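There are 2 protein chains.
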Amino acid sequence: MTIVYFAIVCGLIAVAYGFITSQQVLRAPAGNAKMQDIAAAIQEGAKAYLTRQYTAIAVVGAVVGVVLFLTLGIIPTIGFLIGAVLSGVAGFVGMNISVRANVRTAEAARGSLQGGLTLAFRSGAITGMLVAGLGLLSIAVLFWYLVEVAQHAPNDRLVVLTLSTLAFGASLISIFARLGGGIFTKAADVGADLVGKVEAGIPEDDPRNPAVIADNVGDNVGDCAGMAADLFETYVVTLGLTMVTIALLMRGIDAALLTKLMALPLLVGGVCIITSIIGTYMVRLGANQSIMGALYKGFWTTVILAVPAIYGVTHYTLGGRMQDSIASLGEPSALLDGSTLSADALAAAAAMPTVTGMGLFWCMMIGLVVTGLLVWITEYYTGTNFRPVKSIAKASVTGHGTNVIQGLAISLESTALPTLVIVVAVIATYQIAGILGVAFAATSLLALAGMVVALDAYGPVTDNAGGIAEMAGLEDEVRHKTDALDAVGNTTKAVTKGYAIGSAALAALVLFGAYTTDLDHYHDALGLTGPVNFSLSNPYIIVGLLLGALLPYLFGAFGMTAVGRAAGSVVEDVRAQFRDNPGIMAGTSRPNYARTVDIVTKAAIREMIIPSLLPVLSPILVYFLIAAVADKEQGFATVGAMLLGVIVSGLFVAISMTSGGGAWDNAKKYIEDGNYGGKGSDAHKAAVTGDTVGDPYKDTAGPAVNPMIKITNIVALLLLAALAAGGTH
Amino acid sequence: MTIVYFAIVCGLIAVAYGFITSQQVLRAPAGNAKMQDIAAAIQEGAKAYLTRQYTAIAVVGAVVGVVLFLTLGIIPTIGFLIGAVLSGVAGFVGMNISVRANVRTAEAARGSLQGGLTLAFRSGAITGMLVAGLGLLSIAVLFWYLVEVAQHAPNDRLVVLTLSTLAFGASLISIFARLGGGIFTKAADVGADLVGKVEAGIPEDDPRNPAVIADNVGDNVGDCAGMAADLFETYVVTLGLTMVTIALLMRGIDAALLTKLMALPLLVGGVCIITSIIGTYMVRLGANQSIMGALYKGFWTTVILAVPAIYGVTHYTLGGRMQDSIASLGEPSALLDGSTLSADALAAAAAMPTVTGMGLFWCMMIGLVVTGLLVWITEYYTGTNFRPVKSIAKASVTGHGTNVIQGLAISLESTALPTLVIVVAVIATYQIAGILGVAFAATSLLALAGMVVALDAYGPVTDNAGGIAEMAGLEDEVRHKTDALDAVGNTTKAVTKGYAIGSAALAALVLFGAYTTDLDHYHDALGLTGPVNFSLSNPYIIVGLLLGALLPYLFGAFGMTAVGRAAGSVVEDVRAQFRDNPGIMAGTSRPNYARTVDIVTKAAIREMIIPSLLPVLSPILVYFLIAAVADKEQGFATVGAMLLGVIVSGLFVAISMTSGGGAWDNAKKYIEDGNYGGKGSDAHKAAVTGDTVGDPYKDTAGPAVNPMIKITNIVALLLLAALAAGGTH
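Chains P and B are the protein sequences, given in the same order. Per UniProt numbering, the first sequence starts with residue 1, numbered consecutively. Per UniProt numbering, the second sequence starts with residue 1, numbered consecutively.
The set of hints was computed from the structure by calculation and includes no laboratory data. Treat the numbers as computed from the prediction; the structure is a model and nothing was measured. There's no promise every hint is true.
No distinction is drawn between identical chains; accordingly, a pair holds when it is met within one copy or between any pair of copies.
As the list claims (entries may be wrong) - Derived pair list, reagent style BS3-like, types lysine-lysine, alpha-carbon separation capped at 25 angstroms: (1) Lys685 x Lys34; (2) Lys197 x Lys685; (3) Lys297 x Lys632; (4) Lys34 x Lys47; (5) Lys34 x Lys197.
Isolated chain P (complex conformation) (with noise of 0.2 angstroms):
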């Protein structure tokens, strides 16, 4: 198990570096009075609407935690309550940092452009850190827990049931946090500008504005917390799923090889984690003072010690033997379960081509080309510089319909290029070394969550950082540079959605492998008779596939309608604020912001409870529906074919959703820098009407979209472990 601890440490590490970085972070002076006392309203009202958030989160949390108890027992309820409470940690502290960093670098940019990136980067990465830590803590802890302490096979049903419970509490509370924060931010950003600058004709970020401070909430739970939700959610599901399939298909090898092969993607986490602290450290504005630049140093640095890192950690998991087969190396006395596979089974495994560690190794060299490409791809989509969005902005000259038109164009064509990776991965990994390779790939991408994260969180600090000068009244060129840090942290913002969704399409094909296999596990508790028909010619294989592909579509449209009914109380809001308190509009009265951010709070909670319980609630209604009017085989099919369809539709309105709200985004950037008439112009008019298109689809249903494909996938698993723990007592 010497394994497990070095990734012990290493998340052990990662926390320590968040702790210290963390004091750094807020040594930095904080600004003045004013400034204070903005930061002091946005802290308030985040932690105020974290609190309850969290609370109707635990409501929730505990009906699941008692059905999964009286259904799987209180191991696996340990487990998804691990999974809960962390991916909440993640996201209360990395927000906890983030409404403190955002005053310290409006401070810290009025001196240097530099100061204020180190400062908003340093904060970014420690939330960066704190979510791959966090994750590869709490695997890495209950692998040992399970394996050493209680002393289970690696491969027990217990330790493959607890590493999904975990995965699923993560899960769970991401799309909460994503889904709550999403239409948080977005409900105060569009019912802020809708009053503010359309109707009142002030400037965002105005402080005569009741909403700006919900605005300025609003990205640090959304963009801050929920993320950081959402990333822990992915990285514990995809290094999990990468255990769980070893323990799955590598069924002909011995224990001691099957514990230390298990614990390598813990592993490659570990070295990554270390190797994304390095990068941080790199982050540093060249000669030509290009920001995007000076993030990729500390990016590039990251991959490339990956490298080394990965193939010294998979050298000395093998022992050094790196060109010979995989199941070659144990000791084949000591088969697990050898007397108990099925034909199909056996039929899977022969079926397997021969694994190395070489062949791991380069699987996982794909995974970190994958993240290049695809943060290349979502610059190139939604960065200032690049065709995608001169031409959105182009299209603003001709009116508002033009706009969006365009934007629309470019949201559905930002999908080819991602696509294509994730298709030439697949095929890559899958030559090289079967599912496992395509694991790995995608454990490798996630690997770099830390940096990735990073970057990230980077965003919101910044963006709040504007809003603070402004409302302040620093000076200009506190905003300029403010501006330049926010407009980078839009197409990093993109980034992560896009890799998180990436990963997203990775997976799937080791969730569903890790679906049949337990299918086929289950078999006989499940009382099933027959084979179970995953062949596209069974029409329920194609019902199950529409169904999955329009989760993901119904989700979208609540979660839109939903930013617009709660955006819509704001408006109501600050019109009666205005309204009864003249004062306000003529500066001599402070606006009731407190006011606004809770109705806020409650709209975002209301609203984001029925679409979290979509994907919660979906396979099991098709399940028992179909098996039902069908038969429980169709049923099983059904809800397997429904699981690739939520990935196949989900990937492209993800993707669609996030870069073409990024693109829409920096369109508006863009016109305002000077082009195209620059602000005020009919044509700047026309780009913030795309840019407020795309706040709702780029912050609130895009990014919601990979927990909710996730959480339909382990509810599925989930499923069928507790229908076999029923039809066998």
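Take the given structure of chain P and dock chain B to it, following the hints.
Same frame as chain P, but now just chain B:
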């Protein structure tokens, strides 16, 4: 073959109806000189465009024809040419009536609303009956020739192949017509609005706008000719495919019964033409003056009469033995092909439920119910009386951005009910009669095409009539009447699109069945060594699903961008005309309408080529790439999955675009009716933006998805035949 003769007679009746009714329409008064002058300009432009479009398509068609001739021989090539030519003829003749009925409708509306309605609807009915009649004739005559004259067995490969190439010819023309027409109509519409309404501040359809004739031409070439070609294609593919499915699946019965059974879809198509013709005479305004109500009378008459008619022909075909298994009705001694059945085929036949005449009848009733539900759902999402349109209108009050957000939310949401209807229909029909049941449901759905197309083709006539009334300066009350007719037209236009894509979803299952059966048939000729693995566990299936799902997105992006670019050239031309000839705005000189029409024509034809080739080339490219990387079996598996991926994603893209676009359009109309401030209010401006966004959604990208899906599928089928022919040479 009596049955086929009956079908041919019904087809001839439809053509005769078209001929007689067009004489009636042309005898109606054509209005004053000014109106005739405008109508002549529209006619001229439409004819010029279609001539140029069909010339361009003919080049592509000739190339494809040569390829087909070289790979598949003469008879299938003739089938292809018949499909291509008749698809073009349906569009061409329909449009020629439409451009003559428009001015007569405007003139009739000077008299009474009923007069305008009757004329517009009769003209639509001509197109409808031509589509159904020519479609039925082409299949019936081809089938009659091959089986009766050339004495091929009804399930001979040549018969199957020629029905496929007939469908391919129709599809190939229809994707060009849909896309080219769609780009034309929306480029002209958006371009005219941008310079006219926005820059010059003149109303819609103002004769001073040089793009106004192009806009009216667009209604005809896009909504009429393109739609007719599309529905002709859908009709031929669906009926032809049902016949092919019978030929492929019903291997245990004798030739005489098989011929009868294969002719049953033709007979159903035939009797439904008769009920549709009766239905057209029931379109009458009631006491409440509801236009939608009047159209519904015609529609429901058709549907209700279809019930006994379909029962009758099924009863007749099966010699009255409705309750017996069909397999037991023939002469078992004369089994066709029984000796050559592969193990797979035998297993498939054994797995089929016992099919009875009553079973097929019930499946066809389900097809009718699906049609009714799709019509009702579309009306709900696009009609001005219901929540969705009203919610968009309400959201317009708070600005452009919220209008678009709500419109997008509705467009996402509108996919849910149609998907559920289709899913339930698939399950029910499959439980009753297997894949054959699904095919017969699709057949009865499409048998109503004559009536459904009539409802749709009525739209562009009233749209044009309104334009002519405006340009000719007719009384306001005429414009009021044409506007009322046109608002309903927006809904009926959306209906056809939802109906076409819904039938595509049902047909997808059947097409996939044909693909797998063909793979089985050509197994040796293709040089396959193992089975093709269509299980979802095969990663190449995920690859295929993802690549298929990408096609509608990429296609949509191309379509939207094309409209943007083409509209840009319209804007430049109109600006140049205003600049060079100040007399135009003063009203003293006539703009050069023909020049604008010519510019849009060139742009539309240029822009339609690449996207239309996407579905033709993709399956071929994917097959060869995957076969090179992996093996032939995986190549065919990937292409098979791609066929389902394209429908799983295309269904949602198409429905969301067409319903969303219709809803945006009618939200604008709802505000123009005096709600939320009426014409000229800020809400109206926001609604105009939504309408502009919805235009390319509903009239360019969305509707072209249906032929795109069909082409991908048929190309895959033909690829198999071509490769097999190459393999055996």
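Consistency of the hints with the structure:
no. : hint            : in the structure
1   : Lys685 x Lys34  : neither (31 angstroms within a copy, 40 angstroms between copies)
2   : Lys197 x Lys685 : both (10 angstroms within a copy, 17 angstroms between copies)
3   : Lys297 x Lys632 : neither (54 angstroms within a copy, 44 angstroms between copies)
4   : Lys34 x Lys47   : within (20 angstroms within a copy, 70 angstroms between copies)
5   : Lys34 x Lys197  : within (23 angstroms within a copy, 48 angstroms between copies)
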